[in-house]
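Asks: So the protein lines, in turn, are chains G, H and C. With my numbering, the residue at position 414 of the first sequence is 1013, and numbering never jumps. With my numbering, the residue at position 130 of the second sequence is 131, and numbering never jumps. With my numbering, the residue at position 157 of the third sequence is 165, and numbering never jumps.
Read the hints as simulated data drawn from the structure, not as lab findings. Please note that the accuracy of each hint is not assured.
To be verified - Example chain C residues on the side facing chain G (calculated, C-beta under 10 angstroms, incomplete):
| hint | residue |
| --- | --- |
| 1 | E27 |
| 2 | I64 |
| 3 | L77 |
| 4 | L78 |
| 5 | M83 |
| 6 | S85 |
| 7 | Y90 |
| 8 | H239 |
| 9 | W240 |
As the list claims (entries may be wrong) - Over the 10 angstroms line for every Cβ pair with chain C, so calculated as not near, a few chain H residues:
| hint | residue |
| --- | --- |
| 10 | G19 |
| 11 | R22 |
| 12 | R25 |
| 13 | V128 |
| 14 | R133 |
| 15 | P155 |
| 16 | P157 |
| 17 | E158 |
| 18 | S177 |
| 19 | V189 |
| 20 | R243 |
| 21 | R261 |
| 22 | V284 |
Using N, Cα and C, we set each Cβ at its ideal position, and we do this for glycine too.
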Amino acid sequence: MKKPAATSFVPDRTQENLLLFSVFFVAAPHLLNLGWAIVLYFSLMAAWRFASGYRPALLPGRLLLFLLTLSGAALVYVDYHRFYGREAGSSLFLVGLGLKLMEMRNRRDVYLVVYLAFFVALTQYLFSQSIALAVYTLAAVALLISVLIGLNAGPVLSLKTQFRMAASLVAQAMPIMVVLFIFFPRIAGPLWKLPDDPSSAKTGLSDIIEPGSVSRLALSREPAFRADFEGPLPLPAERYWRGPVFWHTDGRRWTLPPEQGRNTVQAPAFSGPAYRYTITLEPHQKRWVFALDLPKVFPENLAQTPEYLLLTPQNVGERRQYTISSYPNYRTGELSPAEREQGLQLPDRPSARMLRLVERWRQSSSDPKDIVNKALLHFREEPFVYTLNPPVIRDKPVDTFLFETRKGFCEHYATAFVYLMRVAGIPARVVTGYQGGQWNPVGKFLEVRQADAHAWAEVWLSEQGWTRVDPTAAVAPHRIEQGIDLDRQMADHEVSFSPVGRALADAAFDLHDWYDQARLIWASVDHAWNQRVLSYNPENQKRFWEALGIVDWRGLITWLTALLILCGVLVGLWLRPRRKPKAADPAMAAYNRFLKKMAKNGLVKQTGEGPRDFALRAASERPEAKEAIGAITTLFLRIRYGRQADPRDIDQLRRRVRALRV
Amino acid sequence: MRNALNRLFHTANTVILGKPRQIRLAICCLLARGHLLIEDVPGVGKTTLAHTLANLLGLKYQRIQFTSDLLPADIVGSSIFDGNNHAFHFQPGPIFHQMILADEINRSTPKAQSALLEAMEEHQVTVEGETRSLPEPFFVIATQNPVCQIGTFPLPESQLDRFLMRISLGYPDSRSERALLKGEDRSVLLEKLPVCLQTDELVAIQDQVRSIHVSDALLDYLQALIRFGRESGHYECGLSPRAGLALLNAARAWTFIEGREAVLPEDVQAVLAPVCGHRLRPVSSGATNADVIVAPMLEQVAAV
Amino acid sequence: MTALPLRERLDLRRFLRGEKAIDGPVMLSHRRIFILPSRSGLALALLLLIQWLTAINYGNNLAFILTFLLAAAAMSSLFYSYRNLSGLSVGAGKMSPVFAGDLASFELRLTNSAALPRYGIELRLKDAEALRMDIPPEGTVSAILRVPAEKRGWLELDTVTISTAFPLGIFYAWSPINLKYKVLVYPRPTQERLPFPRSEDDHVGARPRNASDDFHGFRAYQPGDPFKHIHWKSLAKGRDPVIKQYAGDETEVLHLNWTDTKGLDTEARLSRFCRWVLDAEQAGMRYALSLPGTTIAEGHGASHCRKCLESLALFDL
């Protein structure tokens, strides 16, 4: 094929500035993801290029460029100590983009810059996949496309037309993109071993418990997961989403048991109604899948630990969906000796006052159930305070908490309670997970946020097996009934700190209502985005294909081609050259109809033939229609060429043309 | 007035036999206040046509025979020393007539030609520093031998443009020729011709022609024709704006003769060949026939 | 547009050479327009592949969306490229003759009858530099392609490729066009000025009658001009010699005969005649030309000159 000559093309000033702006626009969100030095380096390059647009002498020479390249690479290495992986790779591309800007000389370089910018846009998705970023990059892509349009159209194209064209190109690409997104075969990744990207950005439950490990989440609005229920919702008090279960403690810190040599799962006896729901799990870089107590039916690719926790084969690094059935009424079986030993483990001798307290309870009743109730009563009646900001305890945390500070968050209560139970000889363990969740009436789902993270206790009672006991509920029942309402807390804070006037407070309250509403709608949009878009994976795709009756690649190709052709036809129709309407003039339109009628009868008006000449010819060939032809032509000529057209003439012309029979 | 015009045509047709279209075009040219160039071999009645028109319109007529030794002064006149008054006085040349027949214009030198053509354009002559106006109406009918004949100075293109129309008479058909041979002597016939149109009537008609309505649609067509002449590649150089105006004026006159009130594309087409034939130079063929030259224009430009 | 036989339609040469030359304007339609990815387009394909692999590797749906969006935009741009050419009509413009050794100008008129503007249209003749232009809606643009005219005679326009990379430069749409379009190339006039030939019956002495005629103007001196016509005053001032011309000079006829240039090869002879015709025309002389097989009667003026040059250009061809 012939290729366009590689003409040395230097875009004009406006176009170059547009290019620089677009590239900067594309790269800007990386400020949140990458080290500031890298972003600064890139910004410096872009600014340099911008300045040298006005003073070409500023462009670096070869040696300086080489030094710049070295320093860029060094910067990446200093920041990340490697050149691969999510952060380092993205940084490398950003640095490369900046360097390419410096040596952009001809058309080919412009393309390279634009393509690099496309890739930089993609690397941002490795850090966030929010709707906002998607919309942002859509705009960025349109900008970059407008740069290419400007490059190819030359200076006659106004910026406005350029943007409009880019926008319509992107708009036309949308349906094709959707088809490709749904039907283009997905391959389950990863294709190569992912470098161990730190999951620093992800918040969630951790695999140890110590004071503050749950409460650090209490202010996080980030969603942990969402649940779509197929039937009725569980009561707020039933919404315990089970996470990791802790047996072992060193007095301060609780850790998970090692994975190997675990006992087989004892199936509990379930009774009562079940809840069936789909969990959309946010990535949290752990294997846990949170389910309502206790899950019975779950997807095959999930495993269950003896503590009834569901596990995925790999860490959850992306959004996943699972459909689970849980029964709130259950009874677990006998306790094995090993489990009993684990359930009674204590790191050291309990303190004297602790022993005294437990001894008092045991004297009143030997029934473990009574002891449990006594302990809960203790938490309720003694001046315990449920707070997000407990005082820091350095030594003997359980003892100090129970008898001195008495201020704590759920993990304090749960661990102290389990400790006390073990002292009393009742097997007990700490369960972490989430409690509650906010109903989203717009999206009709339950949204569980990190702030809903919770810790509670389980004790083994001979009649029921493992039984859930939540000491926090004894101290702060509203926590269980209403959940933590961050917004309410903040609003209250606002009111208490604005003594300026009630009006302002009321306004704030109204505003708060609006804000609440907007937040709910946004959450449901976000949920839909997560559910429909971000969770679409090879498995979903397969299921979707099956629903459409696609069983083999032939069916797939048929669907894919048919839909792409459909899109192509739509785009083609959109773009088809629109010719100037032939006759805006009504007389002309009527006359053209007349000509069409005549042409059907073999009387075609020649291009250069005047209407009058044509009428004479036509009349001589069709003497029977002579009168009509003459009248039509006279009317037409009078309207089109005459001094003043009679408004009635046009109606008459139309009538005569309609009535014409040849 | 309409009757007078009809009588004019009728009478002219009795003198010039078998050439109704040419007569119509010639009169059209006069009504549009244009000058006429008749190009043909000698003896086909060019002079007779001019003389007939002059007589029928009652115009003061003068014939100037162009020869190679004709000087400008022979056309416009010169100052002569008057022995009685001991002073020079201006002796007007033959140009000071209402209708001039410039016979065989291409036989004279360009200098003599340009003297005439200047007068045609300006309707005035400047002799010895004094500007003198020519009588109104003022017509020039020039005749020209085909360029291929020996001993001619073809009119330069810039001068050709001054003529509104160029027509050629051609040989009469056999019936007309027979009638001509059988009939009265033309020179006798010319003497007897009545004046069909008075001068003031002629001027009135000329004014009416100017007010013939031209619609936008017609101007579209006219412009399409001009654009075709410039852009189609059929012609070496396109039509000048003056040519466009000439075409419009001629079409108006034609419309008037046809007895209509607004110009139609057909009217433009009717005068296209005589008006544009001598202003266009086809690229490919050496065609000189005006009808052949404008044929692609007529055929390819949509006329609605 | 007439239908094309299948065999011709499938002929691959059509892609580069185009169809048979036709006379009138060529309307670009789907049959004449070909589209292939350009080098930038292939590079984009590579980028998309890398993006796709990255998306798979990270299981990142937004990355998939971006990749597919770019692919889709590229596909849509294909329509734009096609639309940019489709419906254009290319016709031949003026034919202005040239002298051999000069650049012949071929004027192509690109007419856009649609209501949308055409951007970045390129016209290329073989390997020459492309001409780039934009055509406004319902507008016409003429492009002049210059080709060195080497030989006298007819010079035909070669295949012209009209192409566009608009809008994104990732597709190259082109259409090879053959128009029946030729210009006449006159022989190259000899560079040096030569005295006019003198035929036997034309003596210098036969001119005195001119002396009394009106003074007409000056022209450059040519060897062989009578001394008494030289304008000595200006020569004395150090200017190039000029000749006083008299109106009567125009009646003098220069006869150019084939035999005047004996002893030279044909092309050299034609070159010399070409020079004489031009000089005679410039000098305002009347001249006649007789070549073997062609005789042009005496005359003067642009069209006479053209006629003479034409017969020289086409002599013996």
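Asks: Report holds or violated for the interface hint on S85 (chain C), using the least CB-CB distance to chain G and a cut-off of 10 angstroms.
Replies: 6 angstroms, holds
Asks: Would the stated hint for W240 (chain C) survive a check requiring a Cβ distance to chain G of less than 10 angstroms?
Replies: It is violated, given that the least Cβ distance between W240 (chain C) and chain G is near 59 angstroms, above 10 angstroms.
Asks: Please confirm whether R22 (chain H) is truly not at the interface, meaning its C-beta sits more than 10 angstroms away from all C-beta atoms of chain C.
Replies: The assertion about R22 (chain H) holds, with a minimum of 27 angstroms to chain C.
Asks: Per the CB criterion, is Y90 (chain C) less than 10 angstroms away from chain G?
Replies: 9 angstroms, holds
Asks: Should the interface hint for H239 (chain C) be scored as holding, given a Cβ-Cβ cut-off of 10 angstroms against chain G?
Replies: Since the shortest Cβ distance to chain G is 54 angstroms, the answer is violated.
Asks: Using Cβ atoms and 10 angstroms as the threshold, tell me whether R243 (chain H) really stays out of contact range of chain C.
Replies: The claim holds: R243 (chain H) sits with its nearest Cβ about 19 angstroms from chain C, beyond 10 angstroms.
Asks: G19 (chain H) clear of chain C by more than 10 angstroms, beta carbon to beta carbon?
Replies: 32 angstroms, holds
Asks: Per the stated criterion, does the least C-beta distance between E158 (chain H) and chain C lie above 10 angstroms, as a non-interface residue requires?
Replies: Not fine: 8 angstroms to the nearest Cβ puts E158 (chain H) too close to chain C.
Asks: How about I64 (chain C): closest beta carbon in chain G under 10 angstroms, or not?
Replies: Nearest chain G Cβ about 5 angstroms off; hint holds.
Asks: Taking the closest Cβ pair, is M83 (chain C) under 10 angstroms from chain G?
Replies: Check passed: Cβ of M83 (chain C) comes within 6 angstroms of chain G, closer than 10 angstroms.
Asks: According to the definition I'm using, a residue is off the interface if its beta carbon is farther than 10 angstroms from all beta carbons of the partner; does P157 (chain H) meet that for chain C?
Replies: Per Cβ check, P157 (chain H) is inside 10 angstroms of chain C; nearest 7 angstroms; violated.
Asks: Check the non-interface label on R261 (chain H): least C-beta distance to chain C beyond 10 angstroms or not.
Replies: 32 angstroms, holds
Comparing the model with each numbered hint stated earlier shows that hints 1, 8, 9, 15, 16, 17, 22 do not hold.
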